[in-house]
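In the working numbering, the protein residues as written are 625 to 1083.
Mixed in with the good hints there might be a few duds.
[What the hints assert, rightly or not] With a cut-off of at most 20 Å between alpha-carbon atoms, the simulated DMTMM-like pairs for lysine to aspartate or glutamate come out as follows:
1. Lys651 x Asp704
2. Lys931 x Glu913
3. Lys651 x Glu687
4. Lys998 x Glu857
5. Lys650 x Asp705
6. Lys1072 x Glu693
7. Lys1042 x Asp861
8. Lys862 x Asp1053
9. Lys916 x Glu937
10. Lys867 x Asp951
11. Lys708 x Asp668
12. Lys916 x Glu885
13. Lys976 x Glu1054
14. Lys1072 x Asp1053
15. Lys664 x Glu687
16. Lys651 x Glu634
17. Lys1072 x Glu687
18. Lys976 x Glu937
19. Lys1050 x Glu693
20. Lys976 x Glu1031
21. Lys1042 x Glu1031
22. Lys998 x Asp951
23. Lys916 x Glu928
[To be verified] Listed next, with one range per pair, are the computed distances between beta-carbon atoms:
24. Lys650 x Pro795: 34 to 44 Å
25. Asn973 x Gly707: 45 to 55 Å
26. Thr697 x Lys862: 43 to 53 Å
27. Arg713 x Val797: 38 to 48 Å
28. Ser1039 x Gly868: 19 to 29 Å
29. Ala860 x Pro678: 31 to 41 Å
30. Lys639 x Arg809: 16 to 26 Å
31. Val921 x Gly816: 35 to 45 Å
Please keep in mind that the hints were generated in silico from the structure rather than gathered at the bench.
Here a beta-carbon is modelled for each residue, glycine too, at the ideal position from N, C-alpha and C.
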Amino acid sequence: MTIDDKISTELQAAKAYVNEVYEAVKKRNPNESEFHQAVKECFDSLVPIFAKYPKYIEHNILERIAEPERMITFRVPWVDDQGKVRVNRGFRVQFNSAIGPYKGGIRFHPSVNASIIKFLGFEQLFKNSLTGLPIGGGKGGSDFDPKDKSDGEIMRFTQSFMTELYRHIGPDVDVPAGDIGVGAREIGYMFGQYKRIRGAYEAGVLTGKAPIYGGSPARPEATGYGTVYFVQEMLADKGLSFKGSTVVVSGSGNVSIYAIEKATQLGAKVVACSDSNGYVYDRNGINLETVKRLKEVERVRISEYVKEHPGAEYYEGCSSIWTIPCDIALPCATQNEIDDQAAKALVENGVKAIGEGANMPSTLEAIDIFLENKVLFGPAKAANAGGVAVSSLEMSQNSMRLSWTFEEVDEKLHSIMKNIYRNSVKAADEFGYPDNLVVGANIAGFTKVADAMIAQGVI
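Starting from the given sequences, assemble the full structure and let the hints guide the process.
Spelled out as structure tokens, the structure:
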């Protein structure tokens, strides 16, 4: 048997193992398409490491890592402004605590279900590992829709949500944060309710808090800034930069706003952003102050932007935003917003780089198209890890009972994103997949968790 034959045999055995476990995951978790997609993308990337290091097969790490340690579902009753009792469903998945307490956001959106929460928790596990910080993977949320709700309704819902959730979390157990539909307002209400129930000031139980009561400077900016920092490294390796580039950013929430801000600071012109109804295209460059006011203060639809900027155009629906010619695309809205058709349009219009600011915004088919066409591609679990990285820094500040400056946190964030990029590149190169950061990020994130699981025995 030649060396090539041996390598081929090992790869075949690894592929067979991965496919067998994936089919078992699908069977055990029927009708959970988003979870299946996240698992498939990750598993396929890990074949090379199983071929090279069979110990991971011997310990059956893959099947264990795809099964959450705990999945919690609960009822959330609340009263609306008309006095009507409403009921929503709450979730928390505690995926893996091998390297630290569970850590991951809470999402309030009508689309939230078990599949969404499990895909987010699974992705979070590897993302958190990539940061190099001691945090495990978790995620939570509810099918509650905060859109058009009053502050009173938001408060009553979040208090009810925390009344159940509090018994499953803690600074050394599980530390939630924000996500879609959960910002500083919602975190504040949840923290207040947790403090009230516990009768103690446990600042580290939630991150994303306002700085006046234990939050970290630069936390609101972290995911958007971090995405841009990651893409900046990716571009620099190829002699490119944001300066003079045209950028399209989807979304207009927290991640999108600060991705626009940092890209603009680096010399790019951002020409489009969106919300769930449609998108605006401003060939002169998006006015960030207008977007911030519309979405963070007035909480209205992005269509209002064109009333203040007559040269801008508004389009109903979001999918055609990816037909706008750009050098860099930053999908920062939601999962699966870029399908194969959108990916083809981006490639045909000459896109050079994609940085995923949202969680799993590209379908598997879209990712294949980007990689086949040599588009620089920053996968979500690496590119958008800045938010959880600063959340972990917030935990550190809470533990030490001190606060760093914005500049100190931003510097640490920038360093973390550089390290994530370098470690992903190193792993991709080591296993023979140069320029494939999907493989690199998955392997780099997996190795740390898997080795910790082996060290801790069969648990």
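Hint check results:
1. Lys651 x Asp704: It is violated: about 39 Å lies between the C-alpha atoms, which goes past 20 Å.
2. Lys931 x Glu913: holds, 14 Å
3. Lys651 x Glu687: holds, 12 Å
4. Lys998 x Glu857: Given pair lysine 998, glutamate 857 holds - Cα atoms ~16 Å apart, limit 20 Å.
5. Lys650 x Asp705: violated, 42 Å
6. Lys1072 x Glu693: Holds, at roughly 18 Å.
7. Lys1042 x Asp861: holds, 12 Å
8. Lys862 x Asp1053: Holds: lysine 862 and aspartate 1053 sit about 16 Å apart, inside 20 Å.
9. Lys916 x Glu937: holds, 18 Å
10. Lys867 x Asp951: holds, 11 Å
11. Lys708 x Asp668: Answer violated: lysine 708 to aspartate 668 is near 48 Å, above 20 Å.
12. Lys916 x Glu885: At roughly 10 Å apart (the allowed maximum being 20 Å), glutamate 885 and lysine 916 satisfy the hint.
13. Lys976 x Glu1054: The given pair, whose Cα atoms are some 24 Å apart, is violated under the 20 Å limit.
14. Lys1072 x Asp1053: holds, 18 Å
15. Lys664 x Glu687: Within the cut-off at roughly 13 Å; holds.
16. Lys651 x Glu634: violated, 26 Å
17. Lys1072 x Glu687: holds, 16 Å
18. Lys976 x Glu937: violated, 24 Å
19. Lys1050 x Glu693: It is violated: about 30 Å lies between the C-alpha atoms, which goes past 20 Å.
20. Lys976 x Glu1031: violated, 30 Å
21. Lys1042 x Glu1031: Between lysine 1042 and glutamate 1031 the Cα gap is close to 17 Å, so the pair holds against 20 Å.
22. Lys998 x Asp951: holds, 13 Å
23. Lys916 x Glu928: Answer holds: lysine 916 to glutamate 928 is near 12 Å, not above 20 Å.
24. Lys650 x Pro795: 34 to 44 Å: holds, 36 Å
25. Asn973 x Gly707: 45 to 55 Å: About 52 Å separates the Cβ atoms of asparagine 973 and glycine 707, which means 45 to 55 Å holds.
26. Thr697 x Lys862: 43 to 53 Å: Once the Cβ atoms are compared, 45 Å apart, the range 43 to 53 Å for lysine 862 and threonine 697 holds.
27. Arg713 x Val797: 38 to 48 Å: violated, 22 Å
28. Ser1039 x Gly868: 19 to 29 Å: holds, 26 Å
29. Ala860 x Pro678: 31 to 41 Å: holds, 37 Å
30. Lys639 x Arg809: 16 to 26 Å: violated, 48 Å
31. Val921 x Gly816: 35 to 45 Å: For valine 921 and glycine 816 the Cβ distance comes to about 22 Å; the hint is violated.
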